[in-house]
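Peer 1: Here the structure of chain Y is known, so what remains is to put chain Z in place on it, guided by the hints.
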Amino acid sequence: DTAVSQTPKYLVTQMGNDKSIKCEQNLGHDTMYWYKQDSKKFLKIMFSYNNKELIINETVPNRFSPKSPDKAHLNLHINSLELGDSAVYFCASSQDGTELTGNTIYFGEGSWLTVV
Amino acid sequence: GENVEQHPSTLSVQEGDSAVIKCTYSDSASNYFPWYKQELGKRPQLIIDIRSNVGEKKDQRIAVTLNKTAKHFSLHITETQPEDSAVYFCAAADSWGKLQFGAGTQVVVTP
Numbered sequence: 001d002t003a004v005s006q007t008p009k010y011l012v013t014q015m016g017n018d019k020s021i022k023c024e025q026n027l028g029h030d031t032m033y034w035y036k037q038d039s040k041k042f043l044k045i046m047f048s049y050n051n052k053e054l055i056i057n058e059t060v061p062n063r064f065s066p067k068s069p070d071k072a073h074l075n076l077h078i079n080s081l082e083l084g085d086s087a088v089y090f091c092a093s094s095q096d097g098t099e100l101t102g103n104t105i106y107f108g109e110g111s112w113l114t115v116v
Numbered sequence: 117g118e119n120v121e122q123h124p125s126t127l128s129v130q131e132g133d134s135a136v137i138k139c140t141y142s143d144s145a146s147n148y149f150p151w152y153k154q155e156l157g158k159r160p161q162l163i164i165d166i167r168s169n170v171g172e173k174k175d176q177r178i179a180v181t182l183n184k185t186a187k188h189f190s191l192h193i194t195e196t197q198p199e200d201s202a203v204y205f206c207a208a209a210d211s212w213g214k215l216q217f218g219a220g221t222q223v224v225v226t227p
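First to last, the sequence lines map onto chains Y and Z.
Counted from 1, the first sequence has number 9 at position 9 by the numbering used here; the numbering is strictly sequential.
Heads up, the numbering used here is the position in the second sequence plus 116, with the first residue counted as 1.
Chain Y with its partners taken away, still in its complex shape (with noise of 0.2 Å):
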C-alpha cells in the first residue's frame, strides 16, 4: 500500500535519448510535485500540478515536460537527455494546506537517472 510510487527506480540512459518516468499516489492528495536532487543532495521543485493544473514551473529546460492524466498521476516526460541531467527524481504529493494538515509533503522512493 505504497503511497507514492515511481517507476522506474534505476534508469541508466544515453546522451540523446528520450525517457519518461511516472508517479501515482493513492493518498487522494489534491497536489502532485516533481522534485530533483543532484549530487550534492540538493532538493529543488521542479513543477507542481494541483487537480491536474501546473502551479509551479520552475526554471527547468523545457525538454522536461510534465504531464497529468489526473490527480493521482503525474508523470515526468525528458527528450534530449543531457549528462547533466544525471540525478534523482523525486515525485511527491501533498493536500492542500489547511489549518490542521499543513502543507506536508509526502515523497516517493527516487528514481534514480544516470545519462552516460
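Worth double-checking, as some hints may not be accurate.
To be verified - In the PhoX-like style, the derived pairs of lysine-lysine whose C-alpha atoms are separated by at most 20 Å in a straight line are:
1. Y:Lys9 x Z:Lys138
2. Y:Lys40 x Z:Lys138
3. Y:Lys9 x Y:Lys44
4. Y:Lys40 x Z:Lys158
5. Z:Lys158 x Y:Lys41
The hints are simulated quantities; they were obtained by calculation from the structure and are not laboratory data.
Peer 2: Then chain Z, alone, in the frame of chain Y:
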C-alpha cells in the same frame, strides 16, 4: 521568492550528545516549517514540523524552535544515536504552499 539557508553543512557528534541545526528564511509571509530526514539511498521523510503560530514543538528526542521576528528556526536532537545519522533538511512554505528546502546537513553520530 523564499530563500532558506541551513547550517552547518556537516555535523559530527558523539553518541549521546546533542545536535543542533539552524536555518534562516527570507520571506516573512512563510508560515510552515517542516524538517525532513533522508537516510542514505532513501526518500526524505518528515520528522517534525512547526507552524508560524507556535514557538516550540517537541517530539521525544527532537524539538524545533521558531523565532519569527528573527526569521530563523532550529532542530534540536538530544541523546543522539547512530540511527540518527542522515541528511536533515529544513524547509519553509510560503502562503502559496510552495516549499523551499535548505541545502541539507549531513549528521554523523559516532559511537
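Peer 1: Hint by hint, note whether the structure agrees.
Peer 2: Going through the hints against the structure:
no.: 1; hint: Y:Lys9 x Z:Lys138; result: violated, 32 Å
no.: 2; hint: Y:Lys40 x Z:Lys138; result: holds, 19 Å
no.: 3; hint: Y:Lys9 x Y:Lys44; result: holds, 19 Å
no.: 4; hint: Y:Lys40 x Z:Lys158; result: holds, 15 Å
no.: 5; hint: Z:Lys158 x Y:Lys41; result: holds, 12 Å
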